[in-house]
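Asks: Protein sequences, first through last, are from chains Z and E. Sequential numbering of the first sequence, starting at 131, is according to my numbering. Sequential numbering of the second sequence, starting at 131, is according to my numbering.
Simulated from the structure, these hints should not be mistaken for laboratory data. Possibly wrong hints are sitting among the right ones.
For chains that are exact copies, the list does not tell them apart, and a pair is met inside one copy or across any two.
As the list claims (entries may be wrong) - Quick list of in silico lysine-lysine cross-link-like pairs, DSS-like style, CA-CA up to 30 Å: (1) Lys-232 <-> Lys-386; (2) Lys-138 <-> Lys-386; (3) Lys-232 <-> Lys-373; (4) Lys-162 <-> Lys-294; (5) Lys-162 <-> Lys-373; (6) Lys-295 <-> Lys-162; (7) Lys-232 <-> Lys-384; (8) Lys-138 <-> Lys-294; (9) Lys-384 <-> Lys-138.
Each chain, written out:
There are 2 protein chains.
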Amino acid sequence: MNLTEFRKMNEPLIQQQLKELISALSIPAPLKESMDYSLQAGGKRIRPMLLLAVLRELGVRHPDALKVAAAIEMIHTYSLVHDDLPSMDNDDLRRGMPTNHKVYGEAVAILAGDALLTYSFGIIARLEHVSSDDKIRLIDLLSVAAGAEGMVGGQVLDIEGEEKKLSLEELEQVHRLKTGALLTYSILAGAILGQATPEQMVSFSRFGEHLGLAFQIQDDILDVTGTSQELGKTAGKDESSEKSTYPSLLTLPKAKEKLDFHASEAISAIRSLNSDCALLEELTTLIVQRKN
Amino acid sequence: MNLTEFRKMNEPLIQQQLKELISALSIPAPLKESMDYSLQAGGKRIRPMLLLAVLRELGVRHPDALKVAAAIEMIHTYSLVHDDLPSMDNDDLRRGMPTNHKVYGEAVAILAGDALLTYSFGIIARLEHVSSDDKIRLIDLLSVAAGAEGMVGGQVLDIEGEEKKLSLEELEQVHRLKTGALLTYSILAGAILGQATPEQMVSFSRFGEHLGLAFQIQDDILDVTGTSQELGKTAGKDESSEKSTYPSLLTLPKAKEKLDFHASEAISAIRSLNSDCALLEELTTLIVQRKN
């Protein structure tokens, strides 16, 4: 199965899993609609796909895989809902649709984000086919990847960085935390569910780190080279706000070189696993070549 | 030991535990300061005290009790930080001090709340003296109590309720979720750490439910009868905003009757435990008679 087939098969399953998890909640209608709205707004489902692809490479079919994938997608989605708020990035469009607070108001958008974040931990705690020890590993790593020492910390650094020119090291640290931590977590969560060995965990972790940086460099490049229509959000925003980005710090050609470097390091990390890793290689290429 | 002595002994320990948990984080300075600011702003520490009192009534000294108590206080604090935001309650003062967003800005306040919420799950996952099974029980219940089916859902109902007159049943549902769920959780978390029997869990749960309602009725009463100085926040806010409250739906004397009813039901629930529960009785009385 190639990546296109793999995605085509899994996308509706992820969508369905998200739908079911939200339907199962007995909660006030506006909250449910707001949570559902941003989850169903789509996106590339890169984090769920990474988790599912890792399990496939490990040759494991896990009955709880989709739930963990959905929990991670909820964390990713909550972070987008909060990032889009007027006091943060103040975005009106996300994936080509009005942002959550534009539809449901700021208060409900903040609370929907809080609810998605909280629910994701509950989903993992209630998995039926995972030992308590492994659930705790999943929750422990998730709280680090998504929290102050991971994604949330990266968002704070990103906000601080808007007011000053960052060094390349500082910019990398922003991205390692803001995007890399949760991407890497998606991979490691798949590895935990797939009972990967400690050595495999190390390779997966290295894969995640380089993949995360490649992902973010491409994001920065797209902001310069893409159109708003392709991106589903305002293009050229970083440039007009004089934000530090890979192209602005390095020039566009050098940024592309760096992208290629991290992509090839990512691929070398998974090749070191000595198993068939065609899907993860294709996913890496997809992330590097994506147009939005 | 009476409640005054118990609180005097435990307050600095809770404060210290919160300080240590925040110090342990390697995170951007403004995020750390913002998290610390609201945690150290004080408050009555009712949730940690409930957890610690339950453990004491069960005759258990648990080496991880303070950490769980701190995790719950972080959830409570994050909810206050988000509730105070301009798009929610728009409060400038909390516990007599400027609210988090007034000091650190809205973006950092939102992210500090997100970080506190995320960290609390990590703290429980990393406890050293609790089995993985019990950690999962703690996390499962916490995600329900704090999330869309608990506190966050209650906050949404509360916002919706501002635009219409609620029935008494609707008002009770708001409070059951918004305040009661996490108060009850604090009690049940103590019971889990103390290896309570299923029968004891039922009594503790009933205790929590009535205590939560008593707590909220007193909150509504204080908004009418207290001064801003006593409350450390703007008094009379509910009345001026024509919000549905126990006094507005029932009259003040009837609200006081209802308060007494729930307080005595709470006390009867813990007396059914057939052990010395003087501390929990005193805590109930304190909550009912408090001035802020």
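Asks: For each hint, tell me whether it holds in the structure or not.
Replies: Status of each hint after checking the structure:
1. Lys-232 <-> Lys-386: neither (35 Å within a copy, 41 Å between copies)
2. Lys-138 <-> Lys-386: within (29 Å within a copy, 61 Å between copies)
3. Lys-232 <-> Lys-373: both (24 Å within a copy, 25 Å between copies)
4. Lys-162 <-> Lys-294: Only across copies: Lys-162 and Lys-294 sit 20 Å apart there, 39 Å inside one copy, limit 30 Å.
5. Lys-162 <-> Lys-373: So Lys-162 and Lys-373 pass the 30 Å test across copies only (24 Å; inside, 35 Å).
6. Lys-295 <-> Lys-162: between (40 Å within a copy, 22 Å between copies)
7. Lys-232 <-> Lys-384: Neither. Shortest intra-copy (37 Å) and inter-copy (42 Å) distances fail the 30 Å Cα cut-off.
8. Lys-138 <-> Lys-294: So Lys-138 and Lys-294 fail the 30 Å test inside a copy (42 Å) and across (46 Å) alike.
9. Lys-384 <-> Lys-138: The answer is neither: 34 Å in one copy and 61 Å across copies each exceed 30 Å.
In the structure shown, a violation is registered for the earlier hints numbered 1, 7, 8, 9, in ascending order.
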